[in-house]
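Participant: What follows is each chain in one-letter form.
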Amino acid sequence: DQQVKQNSPSLSVQEGRISILNCDYTNSMFDYFLWYKKYPAEGPTFLISISSIKDKNEDGRFTVFLNKSAKHLSLHIVPSQPGDSAVYFCAASAFTSYNTDKLIFGTGTRLQVFP
Amino acid sequence: NAGVTQTPKFQVLKTGQSMTLQCAQDMNHNSMYWYRQDPGMGLRLIYYSASEGTTDKGEVPNGYNVSRLNKREFSLRLESAAPSQTSVYFCASRDGTGVGLFFGSGTQLSVL
Chain A
1236 DQQVKQNSPS
1246 LSVQEGRISI
1256 LNCDYTNSMF
1266 DYFLWYKKYP
1276 AEGPTFLISI
1286 SSIKDKNEDG
1296 RFTVFLNKSA
1306 KHLSLHIVPS
1316 QPGDSAVYFC
1326 AASAFTSYNT
1336 DKLIFGTGTR
1346 LQVFP
Chain B
15 NAGVTQTPKF
25 QVLKTGQSMT
35 LQCAQDMNHN
45 SMYWYRQDPG
55 MGLRLIYYSA
65 SEGTTDKGEV
75 PNGYNVSRLN
85 KREFSLRLES
95 AAPSQTSVYF
105 CASRDGTGVG
115 LFFGSGTQLS
125 VL
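From first to last, the protein sequence lines are chains A and B.
Following the working numbering, the numbering of the first sequence begins with 1236 at its first residue and continues without gaps.
Following the working numbering, the numbering of the second sequence begins with 15 at its first residue and continues without gaps.
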């Protein structure tokens, strides 16, 4: 059973516009959420995170929004750049609540930013 | 500044063969992980080690064994490889204070 879901396998956005990547989760015990970016032939790299005590976290062009009641989070990239073209993974953990080291990933969304 | 190093980068096995994927990190992290990435399946946790001397199963542990040799090294062994184990394998680590994982560059494994 997939606990973290990314229902859009791909997204295409024009350069300069906003990219919105979505993620849903089923486990209400998750208390920390992360986004990773992956280029071909490389390992995923950490992008941005959010704790369940917050509903928004911003880092430059990247903002993550968390809606706990809907068990939904989203990553906004504004403005989108061609270098943002990659696969984006949403991930969730219960690090704080359960002191567990497990990090569960979604299936990923491939973002393509075109000129 | 190596971070997380995985070897080999590519490997082709025949069904039934065994092999060990090596992983080492130089960041003095306590926790280490093995994930596999398959199309449409995302990254799935195989095994993890919260500290030296401990290992725990993840989501898809069947067909694999692990060894946390010391704080730096965490190996993944396939005793009898199967075509279903064709995948890209990633090793990762994290320290006790941060929640983000640092990943290696991956091992592309094909089992024929």
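What the hints contain is simulated information worked out from the structure, not anything from laboratory work.
Do not rely on the hints blindly, as some may be mistaken.
[What the hints assert, rightly or not] Here are a few chain B residues that sit away from chain A, every Cβ distance over 12 Å (derived from the structure): (1) GLN51; (2) LEU59; (3) TYR78.
[What the hints assert, rightly or not] Taking lysine to aspartate or glutamate and the DMTMM-like style, the derived pairs with C-alpha atoms no more than 20 Å apart in a straight line are: (4) A:LYS1240 - B:ASP70; (5) A:LYS1272 - B:ASP52; (6) B:LYS23 - A:GLU1277; (7) A:LYS1337 - B:ASP70; (8) A:LYS1272 - A:GLU1250.
[Unchecked claim] Distance windows between CB atoms, simulated: (9) B:SER65 - A:GLN1238: 20 to 26 Å; (10) A:TYR1274 - B:ALA96: 25 to 31 Å; (11) B:SER124 - A:GLN1237: 39 to 45 Å; (12) A:THR1261 - B:GLY67: 47 to 53 Å; (13) A:ASP1290 - B:GLY17: 31 to 37 Å; (14) B:GLY67 - A:SER1286: 39 to 45 Å; (15) B:SER124 - A:ASN1302: 27 to 33 Å; (16) B:ASN84 - A:ARG1252: 23 to 29 Å; (17) B:LYS23 - A:GLN1238: 18 to 24 Å.
Heads up, the beta-carbon is just placed ideally off N, CA and C, and yes, glycines get one too.
Participant: Each hint: holds or not?
Facilitator: Hints, one by one, checked against the model:
1. GLN51: violated, 8 Å
2. LEU59: The claim is violated: LEU59 of chain B sits with its nearest Cβ about 6 Å from chain A, within 12 Å.
3. TYR78: TYR78 of chain B is indeed farther than 12 Å from all Cβ atoms of chain A, at 16 Å.
4. A:LYS1240 - B:ASP70: Cα-Cα ~24 Å, so violated.
5. A:LYS1272 - B:ASP52: Between LYS1272 of chain A and ASP52 of chain B the Cα gap is close to 16 Å, so the pair holds against 20 Å.
6. B:LYS23 - A:GLU1277: holds, 11 Å
7. A:LYS1337 - B:ASP70: holds, 10 Å
8. A:LYS1272 - A:GLU1250: Judged against 20 Å, a Cα distance of about 18 Å means the pair holds.
9. B:SER65 - A:GLN1238: 20 to 26 Å: holds, 24 Å
10. A:TYR1274 - B:ALA96: 25 to 31 Å: holds, 29 Å
11. B:SER124 - A:GLN1237: 39 to 45 Å: The hinted range 39 to 45 Å is violated for SER124 of chain B and GLN1237 of chain A, with Cβ atoms some 25 Å apart.
12. A:THR1261 - B:GLY67: 47 to 53 Å: Because 33 Å falls outside the window, the suggested range is violated.
13. A:ASP1290 - B:GLY17: 31 to 37 Å: holds, 32 Å
14. B:GLY67 - A:SER1286: 39 to 45 Å: Violated, since GLY67 of chain B and SER1286 of chain A (Cβ atoms, about 30 Å apart) do not stay within the stated range.
15. B:SER124 - A:ASN1302: 27 to 33 Å: Roughly 41 Å apart at Cβ, these two residues miss the hinted range, so it is violated.
16. B:ASN84 - A:ARG1252: 23 to 29 Å: violated, 49 Å
17. B:LYS23 - A:GLN1238: 18 to 24 Å: About 30 Å separates the Cβ atoms of LYS23 of chain B and GLN1238 of chain A, which means 18 to 24 Å is violated.
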